[in-house]
Amino acid sequence: MATVFGIPLAVLFGQVLIGLINGAFYAILSLGLAVIFGLLNIINFAHGALYMAGAFTAWILLNHAGIGFWGALVLAPLIVGLAGVVIERLLLSRIYRLDHLYGLLLTFGLALMITGLFRVGFGSSGLPYPAPAELSGGTNLGFMFLPNYRGFVVAASILVCLGTWFVIERTRIGAYLRAATEDPDLVQTFGINVPLLITLTYAAGVALAAFAGVLAAPIYSVNPGMGQDLIIVVFAVVVIGSMGSIAGAVVTGFALGVVEGLAKVAWPEASSTVIFVIMAVVLLLKPQGLFGKVS
Amino acid sequence: MLDASAAKTADVGAAPFLAVQGLEAWYGESHVLHGIDFEIRRGEVVTLLGRNGAGKSTTLKSIIGLMRSRKGSIRFEDRETISLSSRAIARSGIAFVPEHRGIFSKLTVEENLMLPPVIGRGGMSVDEIHKLFPNLRERARSGGTNLSGGEQQMLAIARVLRTGARLILLDEPTEGLAPVIVQQIGATIRRLKAEGYTVLLVEQNFRFAAGLADRHYVVEEGRVIDMIPNSDVDANIDKLHAYLGV
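Protein chains in written order, with this note's numbering: chain A, 1 to 295; chain B, 1 to 246.
None of these hints come from the bench; they were simulated from the model.
Some hints could be false.
Unchecked claim - Examples of chain B residues lying across from chain A (beta carbon under 10 Å, computed): (1) A95; (2) E111; (3) P116.
The C-beta atom is built at its ideal place from N, Cα and C for all residues, glycine as well.
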């Protein structure tokens with residue numbers, strides 16, 4: 001068996017794959033955070049909780065409505081996105097003119113409440129969620145064995161990230177969004193409905209989180225704490241890639257997932273801290289983030 | 001393009017196109033407009049003159065609805081707009097070209113141009129705009145703020161001409177631009193007037209304004225203190241110099 005630095009290639013590729021899968025979740029979640037922060041100026045601490053809510057929505061749809069994975073992949077983001085509309089209209093819209101800190105406290109409180117509600121309803125232990133039958137089994141790529149569902153997760157998240165990028169960078173509504181990020185008052189003087197744009201942006205951002213939650217359900221167990229574990233790393237990803245940068249969020253998400261995966265082989269003890277070490281180094285050398293522009 | 005002659009005959013004896021009465025506005029606690037009164041008839045080019053900080057730009061921002069704290073009366077086409085949002089005011093047919101032009105750096109020139117939605121009939125087509133400002137076609141793919149200051153000003157004016165708005169608020173369009181560009185902007189405003197647009201212009205550059213406008217209102221400390229028709233400017237030149245401190 002071929003080896004690199006004494007590590008069997010199959011193990012190495014296996015870790016790269018695990019890294020890509022984690023990276024896929026980092027990318028989708030930090031993308032949503034970046035889009036929300038760009039327009040709303042709110043650091044959405046509830047993002048992890050809404051990702052978890054997406055996974056639970058899939059579980060509930062399956063166990064109480066008989067709707068399987070594919071239906072959930074469409075419905076859960078819509079349902080959680082609708083919850084996002086309520087959160088934005090009812091709560092966030094009241095604090096835009098206040099300091100960042102209020103948004104952070106509000107969404108942090110929301111995260112605790114949402115997580116608490118699911119804990120009361122479903123307990124803390126994980127619930128199983130089956131991968132769709134169409135994607136069971138795996139494919140032998142010659143150099144490694146690729147479970148089909150995991151390959152699908154990586155492909156689906158790349159597609160979703162590209163789709164989001166396309167909407168923001170290449171469409172009329174994306175131009176409204178970019179312009180409103182720069183000067184919402186001026187955009188309003190053209191007769192564009194900026195409050196509606198803000199509501200839709202928040203809804204789309206949390207719908208992305210829910211989409212990631214549904215993708216995660218068959219891989220990780222569905223449990224109320226699943227978002228908390230992930231969101232801390234995602235915030236580090238967002239800081240490294242630079243707050244508010246779309247491309248930065250996606251590229252950094254996948255790259256750091258792979259770095260983390262490789263660290264598990266090279267130096268397992270460091271794998272859980274490597275992202276934070278990178279964050280510290282980036283903040284020291286390039287405080288605006290890897291993809292940030294000096295303002 | 002549009003019926004300029006119809007627009008000109010329509011104003012005889014009719015209500016003013018825009019009538020501002022007793023307009024007051026605040027920035028937080030600070031009271032900056034103390035009762036602005038003036039009117040514009042359809043098809044006119046009218047300027048607000050005055051020293052720095054007199055309240056000219058604040059008046060434009062109040063008309064377009066950007067001053068959150070404002071009272072008094074602003075009637076546009078006989079409809080009260082003082083309590084409307086800037087979005088609703090824009091939809092009623094007023095376009096705003098802000099000081100410093102407001103070109104978006106994250107948008108290309110073309111995206112900047114296409115950004116404001118069409119709100120009424122009679123707006124210029126993109127082809128007509130490109131004929132008026134050929135540079136904007138050549139640089140369509142550049143970032144908006146990669147244009148020169150003069151080109152950015154052209155873009156800021158061009159993008160509201162697409163929308164079908166009939167009243168254009170122009171805030172210091174010549175600020176910081178070279179004389180040759182200032183001439184081009186003057187020619188553009190004359191062209192707009194010929195096409196039947198109504199323009200409310202805020203200017204520091206009095207000589208520029210005198211070459212374009214039908215009438216001048218003088219603003220001082222948040223009030224309109226005088227109105228001088230352009231034909232009387234020469235007779236009143238000493239008084240104007242005293243107002244403007246030049």
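Each hint, compared with the structure:
At its closest, the beta carbon of A95/B sits 8 Å from a beta carbon of chain A; the interface hint therefore holds under the 10 Å criterion. Given the 10 Å rule on beta carbons, the hint for E111/B holds: about 5 Å separates it from the nearest Cβ of chain A. Because the closest C-beta pair between P116/B and chain A is about 4 Å apart, less than 10 Å, the hint holds.
The earlier numbered hints are all upheld by this structure, with none contradicted.
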